[in-house]
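In the order they appear, the protein sequences are chains P and Z.
So for the first sequence, the numbering used here puts the first residue at 265; every next one is plus one.
So for the second sequence, the numbering used here puts the first residue at 265; every next one is plus one.
If you're looking for bench data, these hints aren't it; they were derived computationally from the structure.
It is possible that some hints are incorrect.
Identical chains share a label here; the pair holds if one copy fits it or two copies do between them.
[Unchecked claim] Pairs of lysine-lysine residues, derived as DSS-like cross-links and limited to a Cα-Cα distance of at most 25 Å, are as follows:
id, residue 1, residue 2
1, K367, K327
2, K269, K342
3, K448, K437
4, K402, K328
5, K402, K358
6, K401, K367
7, K367, K342
8, K365, K448
9, K358, K314
Number of protein chains: 2
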Amino acid sequence: MFMEKSGNEFLNLLSSAAPVPGGGGASAFVGAMGVALASMVANLTSGKKKYADVQADIDRIIKKADGLRNELTSLVEKDAEVFEPLSRAYSLPKENEAERKIKDETMESALKSACEVPLEIMRKVVEAMDLHEELAKKGTRIAVSDVGVGAAFCKSALMGASLNVFINTKLMKNRQYAEEVNQKTEAILSEGIAKADNIYRQVEAAVR
Amino acid sequence: MFMEKSGNEFLNLLSSAAPVPGGGGASAFVGAMGVALASMVANLTSGKKKYADVQADIDRIIKKADGLRNELTSLVEKDAEVFEPLSRAYSLPKENEAERKIKDETMESALKSACEVPLEIMRKVVEAMDLHEELAKKGTRIAVSDVGVGAAFCKSALMGASLNVFINTKLMKNRQYAEEVNQKTEAILSEGIAKADNIYRQVEAAVR
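Same shape as in the complex, but just chain P (with noise of 0.2 Å):
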């Protein structure tokens, strides 16, 4: 529903104090506008003479690219069905012992499912990074800027998402599963912006 409301109410929406959207949603959004820009430059490179030979590259790529952003659009909406219930969570009574089990098990809960949205927006920023490497050698030079683009667009939602991973498991009470998901956080986070540094430098080049 949010993808549906138009791009002023949205920012209405983020920029306000109401619990969603919030900093997960919206890098999955500037993920989407990432890999958006993958589409495009395959778009503007499809049917040329020039780059007949990549064709059927360009073809796989504008596929893949339509699936990712809708992929990312989705989880715009589930970043916010799976922060309401944590935002509950936070709101229980801890007046007694009782309480207090309960809510630490509805905040370990609701912690851990608030983790796998963000970790799955950095997934799919990292293929859509992916994308924008191949782009960079095949697309058109027309729109080699808008690969740069993109690629900084997908490694600003994979570090926006990551901190949504860290400051859900720095609250988690089992540390050693909360280690765990920070260690394939770190290892997708370093892998993507390795790509993204590297596409982004390569389109400099081009344009400078």
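Given chain P's structure and the hints, the job is docking chain Z onto it.
Frame of chain P; chain Z shown alone:
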């Protein structure tokens, strides 16, 4: 008008081979999301007893952030407006000397206008970073991750917009003017990157 379209519709247009919106307008949109997160953190801080001593700063930040958001969403539309004449100039004929002269002059003037919008986007997102810098210290701790997400979005908008300056200055015949614009762009770019990285590091340390 682009900001009145739904998020999904904006992404559809961005993905397509249509000349606008492109990476420049999308950068303004991502910058607007970055500054919307500053508004959000400030709104979550406002009126809280714990942060009563920074209420005046928070009020000022909310006002400034809302203004920057309006400016950035206007720049989404503005970027499309300046791209259209450039797009038309590209297609002008250059069969003879007279046509070449007209095309060169039209291109040169369209390229200048097409640089001004991304430069303005860059200035605005650096101003947005200043708000996040302040919120990293004064904003509510429960939303500290959103300060980092906001700074990351502003950085990618900054970098994305810079590529849109460079791709245009590269085509200018007046190399002195082009170099002046490039230097201005480089200066804002390095200032902004340093600022955003500094904020992000603080947030990362806080959530880990």
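Consistency of the hints with the structure:
Taking the shortest alpha-carbon separations for K367 and K327, neither the intra-copy value of 44 Å nor the inter-copy value of 37 Å comes in at or below 25 Å. For the identical chains of this complex, K269 and K342 are neighbours both inside a copy (16 Å) and across copies (21 Å), given an alpha-carbon limit of 25 Å. When the C-alpha separation of K448 and K437 is checked against a cutoff of 25 Å, the pair qualifies only within one copy, where the shortest distance is 18 Å, while the shortest distance between copies is 50 Å. Taking the shortest Cα distances, K402 and K328 sit within 25 Å of each other inside one copy (15 Å), while across copies they are farther apart (42 Å).
In this assembly of identical chains, the alpha carbons of K402 and K358 never lie at most 25 Å apart, being 58 Å within a copy and 28 Å across copies at closest. For a Cα distance limit of 25 Å, the shortest separation of K401 from K367 qualifies neither inside one copy, at 52 Å, nor across copies, at 30 Å. Taking the closest pair of Cα atoms, K367 and K342 come within 25 Å of each other only inside a single copy of the chain (23 Å); across copies the shortest separation is 50 Å, beyond that limit. For the identical chains of this complex, K365 and K448 are neighbours neither inside a copy (28 Å) nor across copies (58 Å), given an alpha-carbon limit of 25 Å.
In this homomeric assembly, K358 and K314 come within 25 Å of each other (Cα to Cα) only across copies, at 21 Å, whereas the closest approach inside a single copy is 67 Å.
Violated hints for the displayed structure, listed by number in ascending order: 1, 5, 6, 8.
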